[in-house]
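J.: Quick note, the sequences are listed as chains A and B, same order.
Residue numbers for the first sequence, in this note's numbering: 60 to 174.
Residue numbers for the second sequence, in this note's numbering: 603 to 714.
Source of the hints: derived by calculation from the structure; they are not laboratory data.
Heads up, a few of these hints could be off.
[Stated by the list, open to error] Here are some chain B residues pointing at chain A (derived, C-beta under 10 Å):
| hint | residue |
| --- | --- |
| 1 | Gly606 |
| 2 | Tyr637 |
| 3 | Gln639 |
| 4 | Arg643 |
| 5 | Leu645 |
| 6 | Val646 |
| 7 | His647 |
| 8 | Ala692 |
| 9 | Gly697 |
| 10 | Tyr700 |
| 11 | Ile701 |
| 12 | Thr703 |
| 13 | Arg706 |
| 14 | Gly707 |
[Said to hold, decoys possible] Examples of chain A residues lying across from chain B (beta carbon under 8 Å, computed):
| hint | residue |
| --- | --- |
| 15 | Gln100 |
| 16 | Leu102 |
| 17 | Gly119 |
| 18 | Pro167 |
For glycine and all other residues, C-beta sits at the position ideal for the given N, C-alpha and C.
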Amino acid sequence: SAVISQKPSRDICQRGTSLTIQCQVDSQVTMMFWYRQQPGQSLTLIATANQGSEATYESGFVIDKFPISRPNLTFSTLTVSNMSPEDSSIYLCSVEDQLGSNEQFFGPGTRLTVL
Amino acid sequence: SQQGEEDPQALSIQEGENATMNCSYKTSINNLQWYRQNSGRGLVHLILIRSNEREKHSGRLRVTLDTSKKSSSLLITASRAADTASYFCATVISGGSYIPTFGRGTSLIVHP
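Please put together the full structure from these sequences, using the hints given.
T.: This is the structure in structure tokens:
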């Protein structure tokens, strides 16, 4: 099973600023996933990050707002740009357990509050 | 709307009692998964049941799947205070994306 860490674990940010969240996996993985969980809500997939290519964004999410980097097979970053209070959420990265298993391992999450 | 919807939204029980949570979904699935989330942290995968399976067990967990009713249930037997968490079902749709789609979750509180 993969061990995933995220930085920061939480942050309080001002409106209009940007925050970059880091996700580190202890093994090489093909795909990494970024989710948003708004207060009291379910998880919503933001994008899938592949190494060496552009991230694939889900409907309602755009690269200008949530730029993603995937420089190697163990690391990814998600930036939340030009933040507003509506961006206050928990942001989670995940990886698939074994290719084709559909089971996901999640990082501990980044709790973001935008004032 | 969500593919999976959990019921109830919140459940409060005493330690030692059983907890049952239900999940209903709309379209045909390849598999259905249950996850646990403690205090707004990362999710932990509990169990996966495939569309051709009807029941699976893992320790104190029992999951059933009824594809004719498009529903699943998660039973936690002899609950403990440490079981207090939110529980999410997630579905992988047949012929669609392999990435699970999550429901809104059931918040379980187990009182010692």
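J.: Which hint numbers doesn't this structure obey?
T.: 9 and 17
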